[in-house]
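Trainee: Let chain A serve as the given structure and place chain B on it in line with the hints.
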Amino acid sequence: MFRNQYDTDVTTWSPQGRLFQVEYAMEAVKQGSACVGLRSRTHAVLAAANKAASELSSHQRKVFRVAEHAGVALAGLTADGRVLSRFLRSECINHSFVYESPLPVSRLALRLADKAQVCTQRSWKRPYGVGLLVAGLDETGAHLYYNCPSGNYFEYQAFAIGSRSQAAKTFLERRFEKYNDYTPEQLVKDALSAIKETLQGEKLTSSNCTVAIVGRKDDGTMEPFETIDAKRIQEIIDSMEAAEEAPAEPSAMQQEEEGTDAAAPMDI
Amino acid sequence: MEEQKWDQPMGGFNAASRSQMAEAAAGGEESQRTLYPYVTGTSVIALKYKDGVIMACDTGASYGSTLRYKSVERIKAVGKHSLIGGSGEFSDFQEILRYLDELTLSDHMWDDGNSLGPKEIHSYLTRVMYNRRNKFDPLWNALVLGGVKMGPKGAEKYLGMVNMIGTHFEENHIATGFGNHLAIPILRAEWSEDMTFEEAVKLVEKCLLVLLYRDRSSINKFQVAKITTEGATIYPPYSLKTFWGFSHFENPAQGAVGSW
Numbered sequence: 001m002f003r004n005q006y007d008t009d010v011t012t013w014s015p016q017g018r019l020f021q022v023e024y025a026m027e028a029v030k031q032g033s034a035c036v037g038l039r040s041r042t043h044a045v046l047a048a049a050n051k052a053a054s055e056l057s058s059h060q061r062k063v064f065r066v067a068e069h070a071g072v073a074l075a076g077l078t079a080d081g082r083v084l085s086r087f088l089r090s091e092c093i094n095h096s097f098v099y100e101s102p103l104p105v106s107r108l109a110l111r112l113a114d115k116a117q118v119c120t121q122r123s124w125k126r127p128y129g130v131g132l133l134v135a136g137l138d139e140t141g142a143h144l145y146y147n148c149p150s151g152n153y154f155e156y157q158a159f160a161i162g163s164r165s166q167a168a169k170t171f172l173e174r175r176f177e178k179y180n181d182y183t184p185e186q187l188v189k190d191a192l193s194a195i196k197e198t199l200q201g202e203k204l205t206s207s208n209c210t211v212a213i214v215g216r217k218d219d220g221t222m223e224p225f226e227t228i229d230a231k232r233i234q235e236i237i238d239s240m241e242a243a244e245e246a247p248a249e250p251s252a253m254q255q256e257e258e259g260t261d262a263a264a265p266m267d268i
Numbered sequence: 269m270e271e272q273k274w275d276q277p278m279g280g281f282n283a284a285s286r287s288q289m290a291e292a293a294a295g296g297e298e299s300q301r302t303l304y305p306y307v308t309g310t311s312v313i314a315l316k317y318k319d320g321v322i323m324a325c326d327t328g329a330s331y332g333s334t335l336r337y338k339s340v341e342r343i344k345a346v347g348k349h350s351l352i353g354g355s356g357e358f359s360d361f362q363e364i365l366r367y368l369d370e371l372t373l374s375d376h377m378w379d380d381g382n383s384l385g386p387k388e389i390h391s392y393l394t395r396v397m398y399n400r401r402n403k404f405d406p407l408w409n410a411l412v413l414g415g416v417k418m419g420p421k422g423a424e425k426y427l428g429m430v431n432m433i434g435t436h437f438e439e440n441h442i443a444t445g446f447g448n449h450l451a452i453p454i455l456r457a458e459w460s461e462d463m464t465f466e467e468a469v470k471l472v473e474k475c476l477l478v479l480l481y482r483d484r485s486s487i488n489k490f491q492v493a494k495i496t497t498e499g500a501t502i503y504p505p506y507s508l509k510t511f512w513g514f515s516h517f518e519n520p521a522q523g524a525v526g527s528w
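Chains as they are written, first to last, in our numbering: chain A, 1 to 268; chain B, 269 to 528.
The shape of chain A in the complex, shown without the other chains (with noise of 0.2 Å):
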């Protein structure tokens, strides 16, 4: 990007209202691997792209289990991303430990933003330069939120963040505003597609993405937040594929183009 006189320090506003060092912040999580998240009015799902430093190493881990009820997936500075996960488990333990519930996720991602902002505001601090796309599931549903290095959040159907986002982004714009009445399974498809669009032309295997779900069952049983094993991402992978191979199917493609005239409640 470019250089000023006012983007040393975080507490220095410039000319025109901005703070070059969140927006600075903003741009390391742009550098890290994809994440998307969706969600239904029962379910919701994290998929991220694992990318490994080299051959020789294992993958960054990029999602997180916060409590029983809610999970996060990360793209950024891992340490920081790291940091502020134990940050969540220990406000769902607290909040568990006096009253003996779930913390609803909306005020789980609130505290995240208000420690976030503190950094926009202290010299002595920087900004966590990492951006965490927060699942869960409350009393009043599953819901999706994504939480950036500003201190700034907002609830989603669907989002993603990190490289290649973008190709993400434009899947899931088309398809979003079925997400309420999708079922679990095609929650997962839907995500792992857009994973896949974010790999530009590399093969989506098991090894190479991560997917997590929470939510809660028609008969009202919960299903944890949990990563789903990589075996059972391979064989649904698997079916995607023998799917595609198959002439498309009119009433899987029907109504998608509709889509592209309602607002968009995904551009930041």
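Don't read these hints as lab results, they were simulated from the structure.
Careful: at least some of the hints might be erroneous.
Stated by the list, open to error - Selected chain B positions facing chain A (Cβ under 7 Å, derived; list incomplete): (1) 388; (2) 392; (3) 395; (4) 423; (5) 425.
No residue lacks a Cβ here, since even glycine has one placed at the ideal position from N, Cα and C.
Mentor: Quick look at chain B alone, frame taken from chain A:
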């Protein structure tokens, strides 16, 4: 403390001033812990029934053995889903109501569709009571917390209690104070799942009547309250009919032999 007096190298201090001086030397003040309750409410009874929870108690607050206050409301609604009944030190109950007020207000201000249910409030109160006990400064109460909240599997009824030492549990029927001894046996024998409101009130009145006859600190002015998915209702106070026409109460000195 008395045994150590002859042990001390310097005589002339009595136990009370010594403890005060020790505390002053330590930089602290005289201990502020609660030693006894002053204005107290007696039993609270509650039970689960078909539509929710019923709770009842008398409207009296005693000052020692004096029945000092006779129009005290010892059951209050908390949030949208719960009722709290308190026996024991009334000022501590009022303090607890203030804490719950703050809690339910900030919960309400979120305006995000989530609300504190009876389980959450019971858990919160347990933490408060237990923490105070650990500081030797208890809130001298036995609290009954009942409520109904819609959950994923339908309306979930909840009834529990917590006392001044932090003991807490959930049950289908609860009684505090003298109610533990007089009402619980009746409730155990006669409570059943899914009683109608009328049956539940009858059972509660049976217990209240026993307490009225046998508990010296109870008065004949009761309030019944219920909590259902529609909300809380606290009924106006009323009295129960009592019977004192036993033959033994007539001419009580009949069998007593005395010279004066």
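Trainee: Could you work out which of the previously given hints the structure breaks and list their numbers from low to high?
Mentor: 4, 5
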